[in-house]
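Student: Here the protein sequences line up with chains W and Z, keeping their order. By numbering that gives the first Met the number 0, the letter at position 309 of the first sequence is numbered 308, and the numbering carries on one by one without gaps. By numbering that gives the first Met the number 0, the letter at position 527 of the second sequence is numbered 526, and the numbering carries on one by one without gaps.
No lab work stands behind these hints, which were simulated from the structure alone. It cannot be assumed that every hint is accurate.
[Claimed, not checked] When the alpha-carbon atoms are kept at most 27 Å apart in a straight line, the in silico DSS-like pairs for lysine-lysine are as follows:
#1 K128(Z) <-> K113(W)
#2 K481(W) <-> K383(W)
#3 K113(W) <-> K270(W)
#4 K498(Z) <-> K513(Z)
#5 K270(W) <-> K599(Z)
[As the list claims (entries may be wrong)] Sample of chain W residues lacking proximity to chain Z, with all beta carbon distances greater than 10 Å (derived):
#6 V43
#7 L70
#8 E94
#9 D288
#10 T369
Quick caveat: nothing in here was measured; it's all calculated off a predicted structure. Virtual Cβ for every residue (Gly too), placed ideally from N, Cα, C.
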Amino acid sequence: MPSSAEPIPAARVQFLLDGAVVALDAVAPDRTVLQVLREDLGRVGTKEGCAEGDCGACTVVMVEATAQGELLQKSVNACIQFAATLDGKALVTVESLTACARSDSPGLALTDRKSALHPVQQAMVDCHGSQCGFCTPGFVMSLFALYRNCAAPSHAQINDALAGNLCRCTGYRPIIDAARAMYALGQDGPPATSHWLLPSAASAPSLRDAASQPVAEQLAALQRTEAVVFEGGGRRFFRPRTLDELAQLRFNHPDARLLAGGTDVGLWVTKQHRDLGDLIYLGAVEGLDEIVLSANGLRIGAAATLEAARPALNDVHPELGELYRRFASLPVRNAGTLVGNLANGSPIGDSMPALIALGAELTLRQGVSTRVVALESFYLGYMKNAMQRGEFIQSVWIPRPASGVRFSAYKISKRFDQDISAVSAGFAISLHEGIVSEARLAFGGMDAIARRAPAAEQALLGAPFDTRAIEAAVNALALDFKPIDDMRASARYRMAVAQNLLRKCLIETAQEVHLRLSEMDARLAQ
Amino acid sequence: MNNADCTSPVDCNVVGESITHDSAHLHVTGEARYTDDIPELRGTVHAALGLSSQAHARIVTRDLAAVRAAPGVVAVFTAADVPGVNDCAPVIHDDPILAEGSVQYVGQPIFMVVATTVDQARRAVRLAKTEYQPLPALLDYDAAIAAESFILPGVTLARGACADALADAPLRLSGRIGIGGQEQFYLEGQIAYAVPREDGTMLVYSSTQHPTEGQTKIAAALGVSANAVVVECRRMGGGFGGKESQATLPACAAAVAALHLARPVKLRYDRDDDFLITGKRHDFRADYSVGYDAEGHLLGVDLTLASRCGFSVDLSRAVNDRAVLHADNAYFLPAVRVSSLRLKTHMQSATAFRGFGGPQGMLAIEAVIDDVARALALDPLEVRRRNFYGTGERAVTHYGQTVEDFILPDLVDELADFSDYASRRLQIREWNRSSAWTKRGIALTPLKFGIAFTASFMNQGSALINVYTDGSVSVNHGGTEMGQGLYTKVAQVVAEVFKIDVSHIRVAATNTGKVPNTSPTAASSGTDINAHAAQIAALTLRERLAGVAAQSFGVDSAAVQLVAGELRAAGRSMSFAEAARLAHMNRVPLSATGFYRTPKIGYDPETLIGRPFHYFSYGAAVSEVAVDVLTGESRLLRVDALHDVGHSINPAIDRGQVEGGFVQGLGWLTTEELVWDRSGRLRTHAPSTYKIPVASDVPEHFDVRLYERGRNIEDTVHRSKAVGEPPLMLPISAFLAIKDAISAVADYRLAVSLDAPATAERILAAIDVQRAGTV
């Protein structure tokens, strides 16, 4: 690929905060949104609880305009989000809600700080949703995102919206009450104000409501059409806008690190204090966030977030939908990308076993050329993959399981929500007239990479899918893997549960039931 | 002067109301200031601690040159730089602020870096090169017991002829239960911000449950007198016992650096350091032998409670004493022997955590009851009832204190009734017959928890109340606010005395300069001692104001009534503010202190015999679970709980404590697993690896009620009862429900052995034992 001019340096990262443009001068590429808020802007309402995106005390809402002019409002973890990724977006923090609630009567705040709260805040007060209060701003922001995005959430949806927020005091019940009460407050609240953050999804179902229009216009004015590079702390943050620009940057700067959602890379900074070097940001590349669902399968671009891809994944197979609902937490899914999870290639990543079982393929690009690699061939060893210098993953292709293919996905972890699996598994078993014609059994957490289980697969092939075959596969699995002991599980448990997941798959297939504890409430209600 | 101590809701205006937490509006707006949110003074620098990588070793050499040369580094300090006493221990002098010569656990602080920014300090600290000479490290129970490695002498508490009772009993069983520790996981990590002031004095903002201990230890570390140090804490982002003794180290370290540099120094542990440095709940190993009869009566119980205390004494004596004192829970044990082994191990020094040994002792005896019931194929609830404390000699605990208000039979009946326990138990057993791969279980467990510090001298509280001439009231007391609503309750109690609206009362930051020589906010005692002290101070002031009004009205002061913000007598009235103004004009002081000491308590701390507790709190819960027979995963399906808080000062806050305590205890018993590797390194040191409950772990049916008939028979403030710790033990019901579900795998025919926490791995192992037994 011929090298061409480098992106033009942009003076400053610019984003909207409470209606005003904030410009960050020479911000280091690895400086986090939380550091900028607390240390540079003095907005200390947002807290650090863990600096790894697991506790949610730092939850803020990031707003971006879609091509259609709608405002996407997503909860994210400020502690692992790099500030440079805010360019062209709006940021909403807990202080923003207070400011909007007081926008009608600014003087009131000086004398009566208990009045004029945002409906989400008021609901938390009314329901006794805070005790020590340290996690509360994060909960308020997760609830706020729910309030804006979902009109009438179910109990499960509320739990899901809060899965990324830890509270050590309340036991959650009053917070869940607040999640219900906030909508009513929103309706009865002071009607005079027209602040765009006040109405809920229930009262303003369209994200293009009139109140949001000025914000959308302000955001439009911040958009850049050209590739830029931010420089700070001796490091560069490349922000290409087109696929070709990305390809060229990657080619010219093969040592620069690719950054998509940053939900793992962020921890290299906050937990390991690593020097990341230069970064190439995928999040502004037009078209790279494509999610194309077709009759044969699903193509997901490298910049598509997990949450954006979730409905399409669910369409490919409900088992995938459930797997990705349990993937980390909503704020992590709002930032993190499916391709990022695949590129990272952790042996305990949630995506790989299921997608390997389905026969997913990666499209890799280097300069102007592309190639397709089966996901199962992509991983070469612990955190090593088949990507070449200057190459990047452009997209992943997930074929729909053919008719006659029984697909299931499992994730075993200490905690049901927002946990890293001890063992995960994806099984795609093709049956023709009761005989197994193909078996793709893939496991995570059992080896240095997620991979298939050849001996167990062989044991199933050509046999009826029955107890005998499964027991043969169970025995063979012990030849396929030598798992390790660690803090998530012992080797012994890993093997035992992996074997039992094969049995479970057979039972679920034979009895046409879905034996999952998460569905117990529904089962008992029947 | 009547109705000062209104004991029923009818008499009270403010006490008994579910008013919101005094900081709720600040929490939700992010305006509540935690220590890290206090605007930094000019020149503030940031510290980070360098930690030991070895469990037990001598430090041979330490090369800090690269640390000193790192960007932004202002100074590096070691133990030699502590001008006074290098110690931050709560009881005996065995916790160095910075280790000298040798290290005793992975994570022990050995030096401190101060840099311009937090990030620079944390990066610099990693550049140290330390050479260690390893020494033998004791990490597990058997090794420590074999080496007779005890941090404290053992204690045995016995009543009756236990060995004879066991020998004579018609039936006997024995068993062992491992009980895991627990990280406090306060959302706000440990932090202190030390601000040097003139003439060698120091102000330290510290996130601490024990400001006085901070003050004392800082003064000793700096080599100054206590009056040169002020410790202040407006609020903590959670404490749970983890900031009782563990907050002192960062406070001392920050103060030492601030003294040297003459600059404000902030020391905030990041989450991983917090896990590595600080102590956790003690893990325990309980071995039991029990003799019983065919009806399930416990005739003799022999229990050995061993705990890994870590490298130093810290609060381990009181924690282990409390475990021994709760090994009866709600049951009369006619012949009993409880032995307590306090093991020294090369780990973080185990410390206070909500319940403070009580939960471990209680879980041990509940495991005994569960085993007996399963062996007899009886409903465990029936066995519990048969062993409940009774009257006469059956009301006397193994430590000699009489249980005077044993309300559990009534409370448990009410709970069993509204939770539909009996019929659900039968339905679940029926359901399990046709469900091969999913099993459900149910259990109802009661709790009785003793209230008072077992260190009897700590049972004292102090308060200072200032009334201003506009009628507003400022309250200081010795307790600290960690989210439990103490400030709110204190304000309610004071408002009740003055009969004014609670909005006129501001409880100010806890400050050792305002109220001195305080006890830690711990042992559930915060309200009992501090609200009581505030009430006494308020009564003094009310007396004075009534005198002023009486003089003005020309009546006897006994005739003055306080009603709805006014002082009234003889058809005349004046507002509370007018009375305050008049008092000032008449040169009557508007400031008063109050002091409270808990009555009646007293016992022998060596034998543990006597009356350690002022009174008991009670509660009970029913939990229903499901387990996956193939994976060992479990899920809590339904919880009903009934808890006794006496006459509640604030039902919303009390319910919050019960619910929050339940979920915290649920984590302890299910998903929260601390894992140390063979080199003594804690491998679960952040929320990515240490899993506390999230919203979806709490069932939609989570019906928590306060026991309406609850009244404290002791003269506590408004006849309330402590509520902080006891609810943590309610989810023992969830743990035993899991055992019940496991038991269904072999149709309830076999004993179930299960350690806590009941992770999927442990549950699957227990299920496999059941399945092997059925073949």
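Student: Take the C-alpha atoms of K113(W) and K270(W), compute the straight-line distance between them, and say whether it is at most 27 Å.
Tutor: It is violated: about 37 Å lies between the C-alpha atoms, which goes past 27 Å.
Student: Under the criterion that the straight-line Cα-Cα distance not exceed 27 Å, is the pair K270(W), K599(Z) satisfied?
Tutor: violated, 51 Å
Student: Next pair to validate is K481(W) with K383(W); report whether the Cα-Cα distance is within 27 Å.
Tutor: holds, 19 Å
Student: Could you let me know if the closest chain Z CB is still more than 10 Å away from the CB of E94(W)?
Tutor: violated, 6 Å
Student: Find the nearest Cβ of chain Z to the Cβ of T369(W) and say whether that gap is larger than 10 Å.
Tutor: holds, 35 Å
Student: Against chain Z, does D288(W) hold up as non-interface, every C-beta pair farther apart than 10 Å?
Tutor: holds, 27 Å
Student: Given the proposed pairing of K498(Z) with K513(Z), does the C-alpha separation stay at or below 27 Å?
Tutor: The hint holds at about 25 Å.
Student: Does the structure keep K128(Z) and K113(W) at a Cα separation of 27 Å or less?
Tutor: Distance of about 53 Å is beyond 27 Å: violated.
Student: Confirm or reject the statement that L70(W) sits farther than 10 Å, beta carbon to beta carbon, from all of chain Z.
Tutor: With a cut-off of 10 Å, L70(W) remains clear of chain Z, as the shortest Cβ separation is near 22 Å.
Student: Was V43(W) rightly flagged as not at the interface, with every chain Z Cβ beyond 10 Å?
Tutor: violated, 4 Å
In the structure shown, a violation is registered for the earlier hints numbered 1, 3, 5, 6, 8, in ascending order.
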